[in-house]
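Participant: Chains as they are written, first to last, in our numbering: chain A, 1 to 271; chain B, 1 to 252.
Think of the hints as simulated: they come from the structure by calculation, not from any bench.
Ideal Cβ placement from N, Cα and C applies to all residues, glycine included.
One should not assume that every hint holds.
What the hints assert, rightly or not - Derived CB-CB ranges, DEER-like:
| hint | chain 1 | residue 1 | chain 2 | residue 2 | range |
| --- | --- | --- | --- | --- | --- |
| 1 | B | Asn131 | A | Asp163 | 34 to 42 Å |
| 2 | A | Pro70 | B | Lys248 | 36 to 44 Å |
| 3 | B | Pro87 | A | Thr251 | 47 to 55 Å |
| 4 | A | Gln40 | B | Val15 | 53 to 61 Å |
| 5 | A | Ile37 | B | Val15 | 33 to 41 Å |
| 6 | B | Thr178 | A | Lys171 | 53 to 61 Å |
| 7 | A | Lys171 | B | Asn181 | 24 to 32 Å |
| 8 | A | Glu5 | B | Asp94 | 37 to 45 Å |
| 9 | A | Arg265 | B | Asp34 | 18 to 26 Å |
| 10 | B | Val15 | A | Gly156 | 21 to 29 Å |
| 11 | A | Asp86 | B | Asp140 | 53 to 61 Å |
| 12 | A | Cys22 | B | Asn131 | 46 to 54 Å |
Claimed, not checked - Derived lysine to aspartate or glutamate pairs resembling EDC-like cross-links, with alpha carbons at most 20 Å apart:
| hint | chain 1 | residue 1 | chain 2 | residue 2 |
| --- | --- | --- | --- | --- |
| 13 | B | Lys165 | A | Asp124 |
| 14 | B | Lys165 | A | Asp211 |
| 15 | B | Lys165 | A | Asp186 |
| 16 | A | Lys195 | A | Asp163 |
Unchecked claim - So the derived list for chain B, only partly shown, Cβ under 10 Å to chain A, looks like this:
| hint | residue |
| --- | --- |
| 17 | Asn36 |
| 18 | His166 |
| 19 | Gly194 |
| 20 | Phe213 |
| 21 | Met221 |
| 22 | Asn245 |
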Amino acid sequence: MNVWEQPGTIAHSLWNTGKPNCPVYDMHGHMGSYGTIFFQRAEADQMVAHLRRTGVTKLVFSHHHVLHEPTVGNDIAFKACQQFPDELRMYVGINPHFPDNTKRDLAHFDAWQPYAVGIKFLADYHGVPVDSPKYAYALDFANERKLPVLCHTWGGSHNNGADNMLNIAQKYTNVTFFAGHCVFGDWAGAERLVKEAPGNVYLELTAVPGDFALVERLVAAVGSERILFGTDLPWFDEYHAMAGVVTANITEQDKKNILCDNVERILGKNW
Amino acid sequence: MKDLIFNDALCQVGVQVRGESETPTPQELLAEMDRNGVQNALIRHINLPLNGALLSNDCLATFLKNDDSGRLRGVWCLLPDCCNELPPIQTFLDSMKENKIAALTLSPFNHRWIPNRIVIGRTMDAIAERNIPVLMDAFDNKWDAIYAFVEQFPKNKLLLTCSHKHGFDRFLRPLMDTYPNLYFIVSGCRVPEGVNDLVNLYGAKRILYGSDFPHYNHGNMMLPIKQSGLSQEDIQDIAGRNLENLLKGGQL
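Given the sequences, and given the hints that come with them, work out the whole structure.
Facilitator: Written out as structure tokens, the structure is:
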């Protein structure tokens, strides 16, 4: 019996019904056009149609245009969430070069409830290390409110590598950090980050599912309780990414932890 | 699963020099295929870029001699004939069947030759006459070279792969639009519903399932194909039938 044929499993449900038999939370998404890639489905209605078709419960996203065009504010993400209140939640995207924008948008955080659930840093692209004082305002804000902060991370980076992340995780202990892409390539660094941080770092899987035996390696290193599911939607297909988790050689409970249980432990069931 | 057969058009075997990946015997590969529900696979040798055609072709033939499942067929690597490294092309092609080789590939930038008609024209023409498919691995993302190559060999059945994770439609679509003998293996097709979009544009007959194992898992691309919402005919074509038909068409 192959992995798709085992009754009662998430894989079996996806294969036979097209939907998972548990909630699935995609904790790393974007929205909107992007320069280097053609996206057929980058607008809110197209992305939500994909979420509904694939059975993904919720997507938390930061808007490409906020992250890459300083004249665009996070209200663009709020408006998308208002259109699709069941499926979409937002990170407030931060560009450390524009502190006035950061203050302006975080001042709306309460007004953007229940959609705004955290903050997003994209340090490699903005060229400012996450442990720079330029992020202090946003990190203090998140620390006071015990918010999640999703950081793009990558192995070998001096902006958002394991050491940068460990510095802020140890300083801002009320923040729950999601290490986007699991510090891709620096697997030892990812493990060290989770183990040396004071319990406030999760590895987020975008770009990992599909790489042979990598989900297994991360689960062995840090435990499935410290790993979250994500896709970078509209970059990557939800079915493709879910398949990477459910075909991994890990237990069914590991898969459920990654796809839903860990998020429900962090954010609850009704968010 | 039994009414939907997945044949993997892009699979690699062998032991890498730094030990990054190890599929030393057919049994290991077949076990992983079985775990995911893949029936057959077209296999290349993983050390082909570094070890070259001569050694990797030999290693692949040895690997296949140890397989009695009938589920694996190989891909040998071509070289231009200017240095007489491989046997004469007809002799080379004649030896494929007895070695369980069903398709060919080329790796010009790793093996330091220029992929054009001057260099490999006679060889590619002989292959086109026998209708043998040729896998192209996107020439290490040198798309201008792919464009030039495909333009010079429109009669060859070319199976293009691009396992880069990010979307590449702006590279791929003009080629698919222009060359009806160009096929695409979807191992790197990760954009949401990207398989559906390609099928809607070019039909299902030119789209093939491939995993790029062991870089990627077998299972990842299976689910987007199975749940694509395309017709069952189209899904069966993409999953396995197109590859089967292409290999059957080769005169070995």
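Participant: Now tell me, hint by hint, if it's right for this structure.
Facilitator: Hints, verified against the model:
1. Asn131(B) to Asp163(A): 34 to 42 Å: violated (56 Å)
2. Pro70(A) to Lys248(B): 36 to 44 Å: About 57 Å separates the Cβ atoms of Pro70(A) and Lys248(B), which means 36 to 44 Å is violated.
3. Pro87(B) to Thr251(A): 47 to 55 Å: holds (51 Å)
4. Gln40(A) to Val15(B): 53 to 61 Å: violated (39 Å)
5. Ile37(A) to Val15(B): 33 to 41 Å: At 35 Å between Cβs, range holds.
6. Thr178(B) to Lys171(A): 53 to 61 Å: The hint (53 to 61 Å, Cβ to Cβ) holds, given that Thr178(B) and Lys171(A) are roughly 56 Å apart.
7. Lys171(A) to Asn181(B): 24 to 32 Å: About 59 Å separates the Cβ atoms of Lys171(A) and Asn181(B), which means 24 to 32 Å is violated.
8. Glu5(A) to Asp94(B): 37 to 45 Å: Because 42 Å falls inside the window, the suggested range holds.
9. Arg265(A) to Asp34(B): 18 to 26 Å: Roughly 35 Å apart at Cβ, these two residues miss the hinted range, so it is violated.
10. Val15(B) to Gly156(A): 21 to 29 Å: holds (27 Å)
11. Asp86(A) to Asp140(B): 53 to 61 Å: violated (44 Å)
12. Cys22(A) to Asn131(B): 46 to 54 Å: At 48 Å between Cβs, range holds.
13. Lys165(B) to Asp124(A): Holds: Lys165(B) and Asp124(A) sit about 19 Å apart, inside 20 Å.
14. Lys165(B) to Asp211(A): holds (10 Å)
15. Lys165(B) to Asp186(A): Holds, at roughly 18 Å.
16. Lys195(A) to Asp163(A): holds (12 Å)
17. Asn36: holds (6 Å)
18. His166: holds (6 Å)
19. Gly194: holds (7 Å)
20. Phe213: Because about 6 Å separates Phe213(B) from the closest Cβ in chain A, which is inside the 10 Å limit, the hint holds.
21. Met221: Since chain A brings a Cβ to about 7 Å from Met221(B), closer than 10 Å, the hint holds.
22. Asn245: Result: violated, 24 Å to nearest chain A Cβ.
Checked against the numbered hints given earlier, the structure breaks hints 1, 2, 4, 7, 9, 11, 22 and satisfies all the rest.
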